[in-house]
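Keeping their order, the protein sequence lines are chains A and B.
Using the numbering used here, the letters of the first sequence map in sequence onto residues 1 to 429.
Using the numbering used here, the letters of the second sequence map in sequence onto residues 1 to 429.
Hints were generated in silico from the structure; no laboratory data involved.
All clues given are correct.
Remember, identical chains collapse to one label, so a pair may be satisfied in a single copy or spanning two.
With a cut-off of at most 30 Å between alpha-carbon atoms, the simulated BS3-like pairs for lysine-lysine come out as follows:
1) K243 with K285
2) K363 with K285
3) K369 with K285
4) K285 with K362
5) K3 with K369
6) K113 with K132
7) K113 with K285
8) K285 with K130
9) K16 with K363
10) K20 with K369
11) K113 with K130
12) K423 with K369
13) K285 with K132
14) K20 with K362
15) K21 with K362
16) K2 with K423
17) K423 with K3
18) K3 with K20
19) K171 with K113
20) K132 with K243
There are 2 protein chains.
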Amino acid sequence: MKKYSEMTREELLAEKQQLKKQYEAYQNSGFHLNISRGIPSEAQLELSMGMMDVLHSEADYLSENGQDTRNYGSLTGLPEAKALMAEVMETRPENVIIFCDSSLNIMYDLVSKSYTHGVMGSTPWCRLDKVKFLCVVPGYDRHFAITEHFGIEMVSIPMLADGPDMDLVEKYVNNDSSVKGIWCVPKYSNPTGTVYSDEVVERFARLTPAAEDFRIYWDNAYNVHHLDFNHMHVIPEILTLCKEHGRPDMVYKFGSFSKISFSGSSIAALATSPANIADVTAQMKIQTIGHNKINQLRHVRFFKNAQYVMMHMAKHAAILKPKFDLVQMILHRELGDLGIAEWSDPDGGYFVSFNTQPGLAKKVVGMMKDAGVVMTGAGATFPYGIDPEDRNIRIAPSYATPSDLDSAINLFTVCVRLATAEKLLEDMN
Amino acid sequence: MKKYSEMTREELLAEKQQLKKQYEAYQNSGFHLNISRGIPSEAQLELSMGMMDVLHSEADYLSENGQDTRNYGSLTGLPEAKALMAEVMETRPENVIIFCDSSLNIMYDLVSKSYTHGVMGSTPWCRLDKVKFLCVVPGYDRHFAITEHFGIEMVSIPMLADGPDMDLVEKYVNNDSSVKGIWCVPKYSNPTGTVYSDEVVERFARLTPAAEDFRIYWDNAYNVHHLDFNHMHVIPEILTLCKEHGRPDMVYKFGSFSKISFSGSSIAALATSPANIADVTAQMKIQTIGHNKINQLRHVRFFKNAQYVMMHMAKHAAILKPKFDLVQMILHRELGDLGIAEWSDPDGGYFVSFNTQPGLAKKVVGMMKDAGVVMTGAGATFPYGIDPEDRNIRIAPSYATPSDLDSAINLFTVCVRLATAEKLLEDMN
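Full structure from sequences and hints, please.
Shown next as structure tokens:
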């Protein structure tokens, strides 16, 4: 098929006509699908059901430190939970605090603590006229929601092929003392699937922040979430690098079992320097007596160590990969020759990032909704929900059944083509 | 035995001599006991072990609203968890948000949210020159730690026999717009065991706060924690009363299963007005995708409803009551005639509140420590850790075995007598 840019007005009109018919047919078919959020499918959840049998009424509830996990205590987590999380997060147990069921909650609490009490004795952000965060875009809407909630000015940093635009990151971080943080998903980034290159990670570790309380919010949410375990990506360990370069306290690193075991009912962790651990613990001990240790023990008893976690993640991949392949196949088949869109083909994570021609993302997502398919809102992947070019759409293939996904993505390509054809025709007027 | 006040110098000297010998004998006996915190004993934890069998790999994980509890969703909690918690908290499910494993965490988050974002659109407390909280004393150290952490000025309100000194509460709340909250444990109060009278609760509901963002922090931690189920106390339901008196939004009420099922691994809840629920949810949705719903389901499947909870709590009481009786017996036997101390004899909760002669609490707790028994730090029951009269000591009988408790309380009476005799002798010089 011809590129749209090479089509005559008549050809485009014909294209539009037949697409309109297709769209209407879809619209009348009564879809009720949701490919908006990166949530695991039921088949993935079934993988962890064995975890529900390891702790029963006759089980042993003692932690290796003698703590009865059914009682109060162990504020920062069980030693064996720290050991497991440390392995998965590529660090040491003494660098880890285990929290409740969500790493998002840890990030919120850290920003909130910095706002109310500052970072390691620095001025609380609520006492400053201006606080800025760098936001790699497109990125994760829930990150941006936290900083927006605290009135923090968000500065967009473009995502390049090998990670954020580090020239820009260095310019801001090293010169502007109001820049207090940056949101990063360094591996299989949400939504682009980008894996930060070794050089990019190295440049992060070599930052020389103007603000003493600057922290990299390193949300390694998809660290072991490869789609093909024969082609894994590994990135340099940021805590180690920062320590080597003399800034051990510059990173908060986050990990979670939410997409390993059960979403929202798992365990999550912060990995950071001993000084940050002490700073965070001083606040944490006011907030809680300790988080759910029985659930920590349950995870340890089931997952044992990082090798078992990897084996488990390969089972997730076996379910996820065919869905991602299906999406790629349809996008290539329907859009590959037309020169009207580009999209990511990630090796891990939960998303495909899709770019329409400028000005069409909102329209396409609206058309999908009108035909019964909910996608992530256009703009959600940018600070304040505003995509300046209105191009980016996040596709989340994980939850839908293969046949639902097939329908949704086919419809999606029709919407993209129709919206583009209409636009080109308008532009000709 | 004679009252100490009626003893001659010689009699007191003799008393001191024999007490010193007793103390030294205890000191040499190598005790390592801890009666510092109100934590359940192993026997109490065993009561809930059946809860670990209700959710296994073959169980049904669907909530009554169709939510797969293993996946993301249900931000404010499962409907059946709200229903259970509402029954236990004497309110309606629509007034309830289920949180993670600790009500302390809810309280911290509410104070933090009020500090950063205000209450229902009012000025955030971080923008105010002065914020005050009323603290009923003696009270719960972890409450006071939260307000101290946020630089909130704490004003002590004496606990009377039927609850806080309401004349003083009304004076402050109704006239001082910098008073934004009051910490209350209305039933079997920590540590005095006080049950607020109907009149006191009614006066709370009739408060006319000078500050629109004033909230009563009603920590009903021991609502169903009676020591004798043939002699329960019931107090008027504060949300209902506040609504009747035209101030539905004036109360945050807290409940927790931490001393019902497993401490630190249970579920906790906020009960409040629909307007407060909306205000809190707006912040909560930035902080998390939702809390551990599997644990909510586990609690509902095991506890079913408030009747079963009450039956379960009677089993706790059967374990706890003999310990509290033992404490009373020893205190009466060893101190009853001496006129040197007073203490509470609670009908519920986890503590006995003990008052020495002025100026002796720190000394007694220090002597206990030197003999190998850890008690709650003297002063902990007051804001800033300062008991102005240095009299109050909190005794926590729940965790120790009966024989350890017997030893600890016997030693305690020796310490109290010895410290008092020494003081009286000093005063005679």
